[in-house]
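Colleague: Here's the letter readout for the chains.
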Amino acid sequence: MTQLIDKSVKQKPASVDYSAMPDERGHFGVYGGIFASETLMQALDELRDVYEKVKTDKEFQKQFDTDLAQYVGRPSPLYFAERLTQQVGGAQIYLKREDLNHTGAHKINNTIGQGLLAKMMGKKRIIAETGAGQHGVASATVAARFGMECVVYMGAEDIVRQAPNVYRMKLLGAKVVSVESGSKTLKDALNEAMRDWVTNVDDTFYIIGTVAGPHPYPAMVRDFQTIIGREAKTQMQEQCGCLPDALVACIGGGSNAIGLFHPFLKDESVAMYGVEGGGLGVDTGKHAAPLCAGSPGVLHGNRTYLMEDENGQIIETHSVSAGLDYPGVGPEHSWLKDIGRVKYVAATDDEALHAFHTLTQVEGIIPALESSHAVAYGMKLAATMTPEERIIINLSGRGDKDINTIAKIEGIQL
Amino acid sequence: MSRLAARFAELKAQKTKNGGHKTALIPYVMTGDPSPEITLPLMHAMVAAGADIIELGAPFSDPMADGPVIQAAAERSLEHNTSLHDVFSVVTEFRKTDDKTPIVMMGYLNPIEVMGYQSFAQQASACGIDGVITVDMPPVEAGEYVPALRAKELDPIFLLAPTSTEERIKKLADVASGFVYYVSLKGVTGAATLDVSSVEEKVAQIRQYIDLPIGVGFGIGDAESAAKVAGCSDAVVVGSAIVKKMTLNDGKTEPERSIIIKEISDILSAMRGAMDDV
Ligand SMILES: Cc1ncc(COP(=O)(O)O)c(C=O)c1O
Chain A
5 MTQLIDKSVK
15 QKPASVDYSA
25 MPDERGHFGV
35 YGGIFASETL
45 MQALDELRDV
55 YEKVKTDKEF
65 QKQFDTDLAQ
75 YVGRPSPLYF
85 AERLTQQVGG
95 AQIYLKREDL
105 NHTGAHKINN
115 TIGQGLLAKM
125 MGKKRIIAET
135 GAGQHGVASA
145 TVAARFGMEC
155 VVYMGAEDIV
165 RQAPNVYRMK
175 LLGAKVVSVE
185 SGSKTLKDAL
195 NEAMRDWVTN
205 VDDTFYIIGT
215 VAGPHPYPAM
225 VRDFQTIIGR
235 EAKTQMQEQC
245 GCLPDALVAC
255 IGGGSNAIGL
265 FHPFLKDESV
275 AMYGVEGGGL
285 GVDTGKHAAP
295 LCAGSPGVLH
305 GNRTYLMEDE
315 NGQIIETHSV
325 SAGLDYPGVG
335 PEHSWLKDIG
345 RVKYVAATDD
355 EALHAFHTLT
365 QVEGIIPALE
375 SSHAVAYGMK
385 LAATMTPEER
395 IIINLSGRGD
405 KDINTIAKIE
415 GIQL
Chain B
274 MSRLAARFAE
284 LKAQKTKNGG
294 HKTALIPYVM
304 TGDPSPEITL
314 PLMHAMVAAG
324 ADIIELGAPF
334 SDPMADGPVI
344 QAAAERSLEH
354 NTSLHDVFSV
364 VTEFRKTDDK
374 TPIVMMGYLN
384 PIEVMGYQSF
394 AQQASACGID
404 GVITVDMPPV
414 EAGEYVPALR
424 AKELDPIFLL
434 APTSTEERIK
444 KLADVASGFV
454 YYVSLKGVTG
464 AATLDVSSVE
474 EKVAQIRQYI
484 DLPIGVGFGI
494 GDAESAAKVA
504 GCSDAVVVGS
514 AIVKKMTLND
524 GKTEPERSII
534 IKEISDILSA
544 MRGAMDDV
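Protein sequence lines correspond, in order, to chains A and B. All residue numbers for the first sequence refer to this note's numbering, where the first residue is 5 and numbers rise by one. All residue numbers for the second sequence refer to this note's numbering, where the first residue is 274 and numbers rise by one.
I should point out that these hints are in silico values taken from the structure, not numbers from a laboratory. Check the hints yourself; a few may be wrong.
Stated by the list, open to error - Derived list of chain A stretches under chain B, where covered just means 3 residues or more per stretch with a C-beta under 8 angstroms from a C-beta of chain B:
| hint | region |
| --- | --- |
| 1 | 41–48 |
| 2 | 185–191 |
| 3 | 197–208 |
| 4 | 239–249 |
To be verified - Here are the computed lysine-lysine pairs in the DSBU-like style, where the Cα-Cα straight-line distance is at most 30 angstroms:
| hint | chain 1 | residue 1 | chain 2 | residue 2 |
| --- | --- | --- | --- | --- |
| 5 | A | LYS270 | A | LYS188 |
| 6 | B | LYS459 | A | LYS174 |
| 7 | A | LYS127 | B | LYS443 |
| 8 | B | LYS444 | A | LYS57 |
| 9 | A | LYS127 | B | LYS459 |
| 10 | A | LYS57 | B | LYS443 |
| 11 | A | LYS127 | B | LYS518 |
| 12 | A | LYS290 | A | LYS237 |
| 13 | B | LYS525 | A | LYS128 |
| 14 | A | LYS188 | B | LYS525 |
| 15 | B | LYS444 | A | LYS59 |
| 16 | B | LYS459 | A | LYS188 |
| 17 | B | LYS517 | A | LYS57 |
| 18 | A | LYS62 | A | LYS270 |
| 19 | B | LYS518 | A | LYS188 |
| 20 | A | LYS188 | A | LYS59 |
| 21 | A | LYS188 | B | LYS517 |
| 22 | B | LYS459 | A | LYS179 |
| 23 | A | LYS270 | A | LYS290 |
| 24 | B | LYS459 | A | LYS123 |
Quick reminder that beta carbons are idealized off the backbone N, C-alpha and C, glycines included.
Using the sequences and the hints given, assemble the complete structure.
Modeller: This is the structure in structure tokens:
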């Protein structure tokens, strides 16, 4: 890797055309690409070609927009969190309410898009990996709606900590397969989904849940998620007549973050913060923060920052939040880090739990543990800013799925 | 001539019972599985049992292309912290008494990526490795990888699959050397759904465009299937069927290792016999 990445290039190039990324083979600078096994290459090429076509296809885009409006319930509100703002005593805090989407998180934006593609391509079977279970639920939901078979791979550890979502998937008619290999979390679920896809590539559509995987997934998932940022931009304009000063979003694979950030990338006055799972603390080694403390490598089909040891083995991650417990990150974020456009930080388990309770008690909104990381950093950031400034925190999902985890931490039996 | 080219030329000159040329038998084992001490004696024993080329696995924490048997092998190997340096060491030792049997390393890209392509190629070549199969390195991404290997006279060995289009097969002809590895089925290693007639068809298609020996792997589990595949290919790769034997014991003591080595040798001898009868 040393020969490919010049670490001294930290400065953002004079003018970057963010919309031109990735290149036709899925590269964001040195990151991204198609590091997949030969059996999948044809399927990936086909998916890329179909996706390139629908990107400019009015019918497809109209169907997508209609589904987002009538099935998902978009636009999601941009909400001024007045009491939280007062309590923090700094910048005005706005919440982009992805928690109010159908199924309770941003994940459905992407599964609607990929579900439509699957239908167009005549696939009968959908597979997905899931960590927190939100992407699994969102995939099972579109499968139910389109009458497709659905198999969701989920790490054994995550099945325990996200039990309510497991049951939801089953109610929706999906088969949930417990993955017992490796660390028994999201990365292992992704490995297992890839193995399924290699075996059933003819009739199966693999809906990846974040901006990771081989090209075209990082670009395609991003494009489906940018509805978040496009809406937020318009809403901020309508409510305040200005751009926000800062954006904050949590980073698992990075789909809710890129969805919010991307439409603002060329607006240089807008600062952006991606918040990784800091676990017990980035300096303890027990975390899920590859952008803060990892190094570049290749995993799950793309080159990106990873948590890895000196031999190139992937290290087990730790985060209280199943959706952030992933040793990699979408390749576009790796590129945005290197060029300095987005700042990547971490919030610890404790900070996220504190933010979870604060938002619940002050605003009456129970956030997902993933989103609580963004709230934690957003509160810290707002406190350093002036009351004239505005920040948008992406509230990527609601916290109902996490109440078992929270109760357990508090020593309460439900 | 490289060890791989020499070996394939040698086999081509030898006749099977019915007058065809001999097919290479390539066993796959994971370095350091189940113990660090077993790999070297096992390699020599496999040659004695009829192996023509050895495919030596380098473990990776996330072996996406492998079924349960080889996944477990990687986990056992990683319990001993087996790294690329350990693979190089065992090959160095092997070469002290066997300078002929080609060795092909098979693994995933990230350990090589972290070491750096040039440093990897330099060390792999110096210890006596002849070719490298990197499952998740397709030709389109191999712009720096292939020249780095070539510069050290290592053969970059690429995979083809039932889903490979004519166009992809043609493109491979420009970058591949050593041999071409045809993955005989849609699936992961160790799957048991080998369809010999479709393998024959695809191998014939590949031969139209690529003038390299063709090895077939994935799903070959016994002497019978090895013999069938030998009939239409230049090499037969057998992995999971022998890696399964690594669970007989943990290979810590010499008697334990002998049990595993004997079982694997028996499987290979049977395959060798059946392949030479074709
Ligand atoms: C509510 C919520 N937010 C965030 C994430 C993290 O994923 P991403 O970084 O792709 O948005 C998840 C993943 O499961 C999630 O469920």
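Colleague: Which of the numbered hints above does this structure break?
Modeller: Violated hints: 4, 5, 11, 12, 13, 17, 20, 23; rest satisfied.
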